[in-house]
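Below are the chains, spelled out letter by letter.
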Amino acid sequence: MRRIMDGSSPNRLEKWFVLLCQGCLVLFLLIFLSFLLLLLIMGLPRLDWEFIFGFQSRFPDQSGALSALTGTCELVLLVLLFACPIGIAAAFFIQEYGENSSSMALRMISRFFDLLLTSMEGLPSVVYGFLGLALFVNILSMGRSLLAAALTLASMAVPIIISNSRNALRSVSREKQETALCLGATKWQAFKAGVLPEALPGLVTGTCLAMGRVAGEAAPLLMVGAFSYMTFVPDRLLSPFAALPVDIYNWTVQAGGGEHANGSAAILLLIPILVFFNAISVIWRRHWEKQTAEDKAK
Amino acid sequence: MKEQQDESILKTSSLSVIFSKKQVLSGVDLAFAHRKITSVIGPSGSGKSTLLRALNRMTDFVPEVQVEGDVSFKGHSIFDDQVDAADIRRRIGMVSQNSVVFRKSIFENVAYGLRIKGSHDSGRIEHQVAESLKKVHLWDALKDRLDHDASDIGREQQQRLCMARALVLSPEVLLIDEPTGDLDSGSTNRIEVVLRELRDERTIVIVTHSLHQAARISDKTAFLHFGKLVEYRDTRRFFTNPVMKLTEDYLTGRIFGDER
Numbered sequence: 105m106r107r108i109m110d111g112s113s114p115n116r117l118e119k120w121f122v123l124l125c126q127g128c129l130v131l132f133l134l135i136f137l138s139f140l141l142l143l144l145i146m147g148l149p150r151l152d153w154e155f156i157f158g159f160q161s162r163f164p165d166q167s168g169a170l171s172a173l174t175g176t177c178e179l180v181l182l183v184l185l186f187a188c189p190i191g192i193a194a195a196f197f198i199q200e201y202g203e204n205s206s207s208m209a210l211r212m213i214s215r216f217f218d219l220l221l222t223s224m225e226g227l228p229s230v231v232y233g234f235l236g237l238a239l240f241v242n243i244l245s246m247g248r249s250l251l252a253a254a255l256t257l258a259s260m261a262v263p264i265i266i267s268n269s270r271n272a273l274r275s276v277s278r279e280k281q282e283t284a285l286c287l288g289a290t291k292w293q294a295f296k297a298g299v300l301p302e303a304l305p306g307l308v309t310g311t312c313l314a315m316g317r318v319a320g321e322a323a324p325l326l327m328v329g330a331f332s333y334m335t336f337v338p339d340r341l342l343s344p345f346a347a348l349p350v351d352i353y354n355w356t357v358q359a360g361g362g363e364h365a366n367g368s369a370a371i372l373l374l375i376p377i378l379v380f381f382n383a384i385s386v387i388w389r390r391h392w393e394k395q396t397a398e399d400k401a402k
Numbered sequence: 458m459k460e461q462q463d464e465s466i467l468k469t470s471s472l473s474v475i476f477s478k479k480q481v482l483s484g485v486d487l488a489f490a491h492r493k494i495t496s497v498i499g500p501s502g503s504g505k506s507t508l509l510r511a512l513n514r515m516t517d518f519v520p521e522v523q524v525e526g527d528v529s530f531k532g533h534s535i536f537d538d539q540v541d542a543a544d545i546r547r548r549i550g551m552v553s554q555n556s557v558v559f560r561k562s563i564f565e566n567v568a569y570g571l572r573i574k575g576s577h578d579s580g581r582i583e584h585q586v587a588e589s590l591k592k593v594h595l596w597d598a599l600k601d602r603l604d605h606d607a608s609d610i611g612r613e614q615q616q617r618l619c620m621a622r623a624l625v626l627s628p629e630v631l632l633i634d635e636p637t638g639d640l641d642s643g644s645t646n647r648i649e650v651v652l653r654e655l656r657d658e659r660t661i662v663i664v665t666h667s668l669h670q671a672a673r674i675s676d677k678t679a680f681l682h683f684g685k686l687v688e689y690r691d692t693r694r695f696f697t698n699p700v701m702k703l704t705e706d707y708l709t710g711r712i713f714g715d716e717r
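Protein chains in written order, with my numbering: chain A, 105 to 402; chain B, 458 to 717.
Think of the hints as simulated: they come from the structure by calculation, not from any bench. All figures in this text were calculated on a predicted structure; none of them were measured in a lab. Glycine residues also receive a C-beta, built at the ideal position from the N, C-alpha and C atoms. Wrong hints could be hidden among the right ones.
Dumping the calculated PhoX-like pairs for lysine-lysine here, alpha-carbon to alpha-carbon at most 25 Å [stated by the list, open to error]:
1. K394/A to K574/B
2. K561/B to K291/A
3. K296/A to K574/B
4. K479/B to K685/B
5. K291/A to K574/B
6. K685/B to K702/B
7. K479/B to K296/A
A few chain B residues that face chain A, going by a derived Cβ cut-off under 10 Å, partial list only [what the hints assert, rightly or not]:
8. N513
9. P520
10. E521
11. H533
12. D544
Between beta-carbon pairs, the in silico distance windows are [to be verified]:
13. L304/A to S534/B: 36 to 42 Å
14. H584/B to R389/A: 39 to 45 Å
15. V122/A to S667/B: 33 to 39 Å
16. V231/A to S501/B: 29 to 35 Å
17. V379/A to D604/B: 38 to 44 Å
18. E588/B to K291/A: 54 to 60 Å
19. D609/B to L148/A: 50 to 56 Å
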């Protein structure tokens with residue numbers, strides 16, 4: 105005890121360790137800031153209203169990202185529409201009826217799903233692109249459409265949403281659900297009264313994080329055939345589509361400096377969209393934690 | 458016939474409960490007397506709460522549970538296929554250990570059981586909520602702030618609110634797990650006064666850790682030890698003249714539970 109107090113070797117070791125951790129943090133910040141700086145230097149001059157509200161052109165300095173920007177927004181909304189109800193309902197079923205069921209068969213099925221979902225969550229996005237191309241584009245003949253792309257991204261989002269939602273459901277105390285059951289509630293009524301209000305912030309943040317992830321994906325969209333040269337806004341489910349990550353990729357792989365500037369500007373457009381979803385989840389969670397703490401203090 | 462109903466509105470016969478291969482209750486035979494308070498006492502882990510949960514089929518929701526033997530309510534098995542378990546839970550109400558209020562107003566907390574049952578007549582719901590709150594002596598204290606959040610009131614009032622919430626369904630039996638848990642003596646006293654009044658209309662079964670409480674308010678006392686019923690008789694005789702050696706050891710503080 106005294107050795108530590110009087111500044112001999114263990115204490116010095118700790119100092120070095122703290123210093124090392126701080127060094128790593130500074131290094132990370134430096135890398136991140138230089139990325140940001142590079143992006144700003146290259147992209148900012150290009151990021152004007154003309155770029156945001158313009159269509160593609162064969163002259164890079166006249167090109168705009170409107171089709172890609174609207175494409176990405178439409179994709180996110182569609183994925184939310186498809187994946188959110190399916191993901192949350194599946195999580196609800198597995199967690200409430202499967203895992204805690206008194207029937208052995210249901211528990212086995214839920215364990216099998218567990219394994220399946222964990223593997224699906226780990227699948228690289230390019231695999232989803234391949235599956236989307238085969239199933240939605242070809243077999244279901246949706247073609248290279250907004251719908252096919254949204255369904256592909258939704259299949260990628262569903263396992264993430266299920267796993268995040270299950271964590272949210274699992275972390276809720278079950279006392280209120282039990283109380284409702286004691287008052288003659290059905291399982292669903294008890295869930296609605298006792299679990300849903302508590303799990304809601306977790307469900308929202310889980311979904312937002314999944315959205316943030318799929319919104320930035322390029323690989324699956326390239327495979328289901330995103331268009332890199334579009335001069336209109338995708339306005340129907342079966343219309344061709346463009347998306348920001350795909351445009352970023354296409355501009356960046358081209359040789360010219362003008363294209364690179366466009367790529368950087370498009371990244372500067374994409375980042376706020378991704379940050380938006382993450383920010384919602386963080387703000388929601390903070391707000392809810394504060395409220396719960398206040399409730400407990402009463 | 459009347460005699461039989463008076464004696465046992467609720468009865469267990471060779472009731473055993475097994476949680477994932479662990480025997481929590483074994484062969485319990487208990488007949489709960491009509492319009493009486495029965496205390497179930499015993500060390501931690503003796504199966505008291507499990508017994509309570511088996512009495513209104515709350516064990517249905519526990520995974521990997523096995524219930525053997527029977528519980529009969531007014532002469533009919535509650536485990537019968539034709540029995541609606543939700544209806545059983547309305548008629549055999551239960552108040553759990555920690556006063557758990559919903560994230561709703563005081564009024565909506567009490568009205569919850571009626572709403573999920575499908576009652577829409579708001580006049581009747583208001584009347585029933587008021588009656589329930591009067592039964593637990595909360596009406597005067599809360600009538601002007603029924604729309605306040607239920608978590609705004611104190612712990613002891615929350616506990617009585619939970620009792621009112623169960624009472625709104627007019628249960629014939631009320632099961633209460635640790636009615637006064639960690640409350641101070643004044644609060645405990647208020648709750649016990651309510652319990653004594655409620656007994657006039659219904660059968661009450663309480664699980665309690667406090668031997669004093671069992672002695673104070675119950676008409677009959679049952680002692681469980683490691684899932685087995687050791688002794689069950691009138692409270693006065695139970696405490697003054699226990700038959701079993703084990704009971705006497707417990708009452709004099711010579712045995713402890715499986716402290717988990």
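Evaluated hints:
1. Restraint check for K394/A and K574/B: the C-alpha separation of about 34 Å exceeds 25 Å, so the hint is violated.
2. Of the supplied pair hints, the one linking K561/B and K291/A holds, its CA atoms being roughly 19 Å apart against a limit of 25 Å.
3. Of the supplied pair hints, the one linking K296/A and K574/B holds, its CA atoms being roughly 14 Å apart against a limit of 25 Å.
4. Our distance criterion of 25 Å between C-alpha atoms is met by K479/B and K685/B, whose separation comes to about 14 Å.
5. A distance of roughly 13 Å separates the Cα atoms of K291/A and K574/B; the hinted pair therefore holds under the 25 Å criterion.
6. For the suggested pair K685/B and K702/B, the alpha carbons sit about 14 Å apart, so the restraint of at most 25 Å is met.
7. The hinted pair formed by K479/B and K296/A fails the criterion: a straight-line CA distance of about 32 Å is larger than 25 Å.
8. The criterion of a C-beta within 10 Å of any C-beta in chain A is met by N513/B, whose closest approach is roughly 7 Å, and the hint holds.
9. The restraint placing P520/B at the interface with chain A holds, with a minimum CB-CB distance near 5 Å, inside the 10 Å limit.
10. Hint on E521/B holds. Least Cβ distance to chain A is approximately 7 Å, under the 10 Å limit.
11. The interface hint given for H533/B is violated, since its Cβ lies 18 Å from the closest Cβ of chain A, which is over the 10 Å cut-off.
12. The closest approach between the C-beta of D544/B and any C-beta of chain A is roughly 7 Å, which is under the 10 Å cut-off, so the hint is satisfied.
13. Checked against the given bound of 36 to 42 Å, the beta carbons of L304/A and S534/B, roughly 39 Å apart, stay inside it.
14. In this structure, H584/B and R389/A meet the distance hint of 39 to 45 Å, their C-beta atoms being roughly 42 Å apart.
15. Range check, V122/A to S667/B: Cβ separation about 52 Å, and the 33 to 39 Å hint is violated.
16. Between V231/A and S501/B, the C-beta spacing of about 52 Å breaks the proposed range 29 to 35 Å.
17. The hinted window of 38 to 44 Å between V379/A and D604/B holds, with their beta carbons roughly 40 Å apart.
18. The hint said 54 to 60 Å for the Cβ distance between E588/B and K291/A, and at roughly 29 Å that hint is violated.
19. The hinted window of 50 to 56 Å between D609/B and L148/A holds, with their beta carbons roughly 52 Å apart.
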